[in-house]
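Undergrad: Chains as they are written, first to last, in full-length UniProt numbering: chain A, 1 to 391; chain B, 1 to 391; chain C, 1 to 391; chain D, 1 to 391.
Only true hints are included.
Using 27 Å as the maximum straight-line C-alpha spacing, the simulated DSS-like pairs for lysine-lysine come out as follows:
hint, chain 1, residue 1, chain 2, residue 2
1, A, Lys265, C, Lys265
2, B, Lys262, B, Lys26
3, D, Lys26, D, Lys193
4, D, Lys193, C, Lys26
5, D, Lys262, B, Lys265
Worth flagging that the hints you see were computed from the coordinates, not collected in a lab.
Number of protein chains: 4
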Amino acid sequence: MTTDTAEATQVLDRVRAFVRAELLSKAEYFDGLPEQPTAESARLHEAGLANWWIPAAYGGAGVSLRDSVDIVSELAYGDAGFAFGAFLPVLGTVMLQLHGDEAVARPVLERLVRDGGRLGILGSEEDAGSELNRTATTYRRDGDALVLDGEKYFSTNSEPADTLLVLARSADDDGDYAVVAVPRAAPGVEIVKRWDMLGVRGSGTYRVRLRDCRVPAAGRLRGNGLRLLEIGLNASRILIAATAIGVARRIRDLSMEYAAQKRIKGAPLRENAVFAAKLGQMEMTVDVMRNQCRAAAAEFDRFLAADDPAAALYRVGTLRSALAAKLYCGQAGWQVATTGSEMFGGLGYTHDHPIGKLVRDLRYVAIVEGGDDVMRELIYARYVVPAGKRR
Amino acid sequence: MTTDTAEATQVLDRVRAFVRAELLSKAEYFDGLPEQPTAESARLHEAGLANWWIPAAYGGAGVSLRDSVDIVSELAYGDAGFAFGAFLPVLGTVMLQLHGDEAVARPVLERLVRDGGRLGILGSEEDAGSELNRTATTYRRDGDALVLDGEKYFSTNSEPADTLLVLARSADDDGDYAVVAVPRAAPGVEIVKRWDMLGVRGSGTYRVRLRDCRVPAAGRLRGNGLRLLEIGLNASRILIAATAIGVARRIRDLSMEYAAQKRIKGAPLRENAVFAAKLGQMEMTVDVMRNQCRAAAAEFDRFLAADDPAAALYRVGTLRSALAAKLYCGQAGWQVATTGSEMFGGLGYTHDHPIGKLVRDLRYVAIVEGGDDVMRELIYARYVVPAGKRR
Amino acid sequence: MTTDTAEATQVLDRVRAFVRAELLSKAEYFDGLPEQPTAESARLHEAGLANWWIPAAYGGAGVSLRDSVDIVSELAYGDAGFAFGAFLPVLGTVMLQLHGDEAVARPVLERLVRDGGRLGILGSEEDAGSELNRTATTYRRDGDALVLDGEKYFSTNSEPADTLLVLARSADDDGDYAVVAVPRAAPGVEIVKRWDMLGVRGSGTYRVRLRDCRVPAAGRLRGNGLRLLEIGLNASRILIAATAIGVARRIRDLSMEYAAQKRIKGAPLRENAVFAAKLGQMEMTVDVMRNQCRAAAAEFDRFLAADDPAAALYRVGTLRSALAAKLYCGQAGWQVATTGSEMFGGLGYTHDHPIGKLVRDLRYVAIVEGGDDVMRELIYARYVVPAGKRR
Amino acid sequence: MTTDTAEATQVLDRVRAFVRAELLSKAEYFDGLPEQPTAESARLHEAGLANWWIPAAYGGAGVSLRDSVDIVSELAYGDAGFAFGAFLPVLGTVMLQLHGDEAVARPVLERLVRDGGRLGILGSEEDAGSELNRTATTYRRDGDALVLDGEKYFSTNSEPADTLLVLARSADDDGDYAVVAVPRAAPGVEIVKRWDMLGVRGSGTYRVRLRDCRVPAAGRLRGNGLRLLEIGLNASRILIAATAIGVARRIRDLSMEYAAQKRIKGAPLRENAVFAAKLGQMEMTVDVMRNQCRAAAAEFDRFLAADDPAAALYRVGTLRSALAAKLYCGQAGWQVATTGSEMFGGLGYTHDHPIGKLVRDLRYVAIVEGGDDVMRELIYARYVVPAGKRR
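So that you can see chain A by itself, here it is in the shape it has in the complex (with noise of 0.2 Å):
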């Protein structure tokens, strides 16, 4: 895990660098559900930024969940739909590599830093939606071999994935809930189709259908499934909020420009009062969002660097923090946003202007992953009702 802090910045410097030249340019063609994977994805993993946080131990860069709040903040600042492509498989290699068989696990995850491709997790379903305990997906044993069983609703980076990570219940065991390692080109995936999303439409979000599906029986991940992706979205849900950070930080670049040349009552729009509170508002909240975040981030990562962070992170399950993280973003990301869409005046209210966009890309925040009434419920349960672990 990167601790140097030089190397850190290095690395930001390199990922604004790429921002710069292959996202920030390029709004329309995010927005319009460019083909998976995009040239700019393969030119992420050209720049040595795939798929960063992979350890070294399987050639990857590993850095540092608290260092990729920040990378994720540079790249949403750029694209919110590229950078949450470009982020999510994090909710997998988590699992996969404290979890997995190791001979499962770790060609994955080499192939993953060797390749700069996607992985792809198979959670939700149309009933279910984010109760995952709900899960119809079957997978039941066949002598060597699992045989899988359902239809998967939402899962982004599916379709240009090389392995799935998918949640699925034992046909004998109601109770039983396992994640198994299934490779994309298995026979008897499908998908289904692609969604067409609201935002982050830079991203590919897939409804996926697994019939009758054999893999070996070692894809599956050692324990209980429903923990597992808990341990896996601690991961992927501070990420998500940290996308809220770079879409803010953008609406404030782009308040500040229009400020510049827009005159309001004859004077300058910077030099507004009320201008000024907005933005001196919405200042704080990219302050807070990004310390709640790196706070969160910062947490997962000495889970990570516990003794055995598997057994570590299994007992922990969901964090507080990162529950907080997704649930603050979601919320005064929105605010943000909200402040924004009626900043531009009628001109924001075209699609002349990128706001739009950002506000659209800003909303996932609060939805995928479990929106705000599942993080509430979840903080309240764990974190609230037994008393000795209110802090």
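Since the structure of chain A is provided, determine the placement of chains B, C and D on it from the hints.
TA: What follows is chains B, C and D alone, placed relative to chain A:
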């Protein structure tokens, strides 16, 4: 003015039938910037509902603004953009009927009744924004004619309109503002572009150039053009506010439909207490928005019913209740939209569900015809600073 | 009921004079839990204003609830606690006049007019809270008498009241709820304590015990006690909501007074744009609160004007508009109070300025007679779940 | 500075023990404007905890500001007013240790350690409010002495203080601001009154007059007084923000206690979904407030650990993170207080429940040492307008 409640109810029933038949199922079509005028506008006219507020003296149905609030709520339930385009001529007809030369106003108003057409109002400009006193478009007297020059930024209905009402400043006297009736077909009127709006895309909004545009001097409405616009904006702002009622009602009903089939924690969503709290809050908001719009409209109707409505409205100018209606409905409607945007899980973040369009549509309430900052400033300057006007 | 606007204006002028003479300068006194009844209540009666809504049929002024909204706004401008104590009997007089035995109701209502006294309503209990269907107080029939036993938690005006209306449950039939008129002087009625309230301290609220309290059976009002309370609460909730208008107006006016002398950045505060924005928002809120309260009150008045008002109100029970008024004014008023509490710098955080009391006073709107959660639940259950009642 | 976590934990345990023993059960006493210094301050000193942040170089415990955040959260859990009084000397000690003449600063700091006393800082004035650059208090040179004249508006701890730090302006040069150390006992120092504050009444805040008050010239701290105050305010604002954490935690715990015994709809309140959502939101807020305060404090600690901390802090002045901490915690804490004020039904609106005091206490966060408007302006002017400082 309709004072007969039975008559009002009957009109409303016809509006509802129209909405069901012509609007409700066409979300995608209206969201696609349909060519103006739409076939549905023609059908609204066939149903005897186009420009419903024009007084009987001009052959119109003479529906009160109070009842128009309910009509607009219904139309916006179907499509906010269609509603916007349909009621916006009121901004101009009010000015024409109160302050226009009879020889100019009567034929325009009678044609609007006979043909069910549109009226365009050209106020905002690129540099001036909502600050109409910074209008750069000029008019100059040339014999019996006025010659207009300038470029207007956002003007809804201008392309399909029969007549345009243009705010201009005397080329000779900076402090002299006029509203001038300009035939759409007059030489020198040029539609520069149609805006690609984020929402209310069922309406058409244009950028319009006036170059050496010569019209009869009688086309100038009586009085200070800035004040005339204030008068007309009372009516249109109240009805813009009323669109928020319709969109919010639609979001409520979609939520209840969803809750009827969606299950959460093994029980129907409609029995969920957190869902109930959201819907209770939403229904309260709808009720308050409706009562504010109705009260503001009734106040406007009382001015129209005065002995000399032109003088009475000219004296008062912009109404507190109308400003408050737009300000409140823009904010409260946005809260409903925000709740709605999180109501439908991942599906609600795709184009497979109508909520995305409703959120975009609703946003316009706080933006067009003066943003929230402008509303607050006007309320403060006109109704708080003068101690005698506080109430 | 007063329909004559001139008459209404005249009453309002007298109320304003009373407020200036008797309330405005006595903040400290009213905030000190003054003994009940206060000398000011007597003076309100001398001015012919006590219990102003009681119908002419009982010798009262018969002011409509619509006009009562404005009266309460004025009284609360002076002191919210005084206003609360003064209008709260309406909750009981409505029940009495519509559902009481004439032989019981008439003398009580006539005495209220003649003496300007109070009526106490005993609903809430310690365990039941606002869930009146969990009332533990019982009544049992004993010959021509009813015998009541129980303890009521929060009851305003009970100590100085002439008559108490008590919600009780049949000792023999759990599902039978009654409202029973009990003379304050009846043996067994005991005032346990006066509550040391946080705000509205100009009123008196008591904990009351009923022990083997025997009253004539005719004192039982006709119909289900829970429904009777719903009917009466319509009136009192609307007027509770209306107190928020008065307190908010007071905060606005104090803000303007302060801004007239306070300088910020070398200019008068009243010219400051951020201050203007706050006051514009505040004035909008006042306008919307007022229109909601008036609309709700007018709806209630329409029910009272029905051919058989008792039956009409019994059928409908709790009104959406009344629930919405209390819910909205509790929330919106609190926003005004929050803004107000930050308006006066450090001084506003001391007892040298009245804002602290106003904030405490305003808080009661969202708490008494059902908190916001209760309002939302009722609106949802009664007006959203039944599709035909949505509007 | 404490970097040893074990040591920090140990200090925190002692603080918690102190809170349980000395603060928790004394709400009424602290709310009664107890005489200063209180017996509890003495006991804090006996426990070795008074002025805990003063560096070891002066004999102090040298606890970091990062760890002080947690200490203040614990103290404020017990009583926010006591906490405020206890930590506020940090505003002055930071200025003294960095910019004071050693001969002046050392004895003051050593006495604070030895006696556990207080330091008063005199900044705000009646006319200037929070605009310190409008300070009217003057100093003039007279031989080896400085002579001060003026009146200060809000100054906490001044009465029981050993030393006062006074912001004054040169009588000869309007643009020259100084902070001057004045012995509390110096002739000419007069406590005009103690303010009757709305909350944090366990602390003492005073109005102080300086009349012809003569002190040694060495008492003037090095540098521009306005900048010195910015430096000290970084520390005190972060700790003011941290009191919101403590009060919010207390509200959360009181809510859970209440929910353990309160039943709603026949089930324990703690199982109620709407209650759970409120507490989930509250716990999130606590987590975010804590992380923001800690991050801001850690940033301040990094400046203090610089090679030349005086120069480093003098260059940067007011810190964005500190401004953001106070602004955020003032707003977010108030949301928690608002929720709390509605949590306990009618009881929560009486002095029989502690919530009223907690709400009043919390309010101070957004008011003292610059209101929210001031925070927003500073953030905007210092960290948004200069493009290079945005982050």
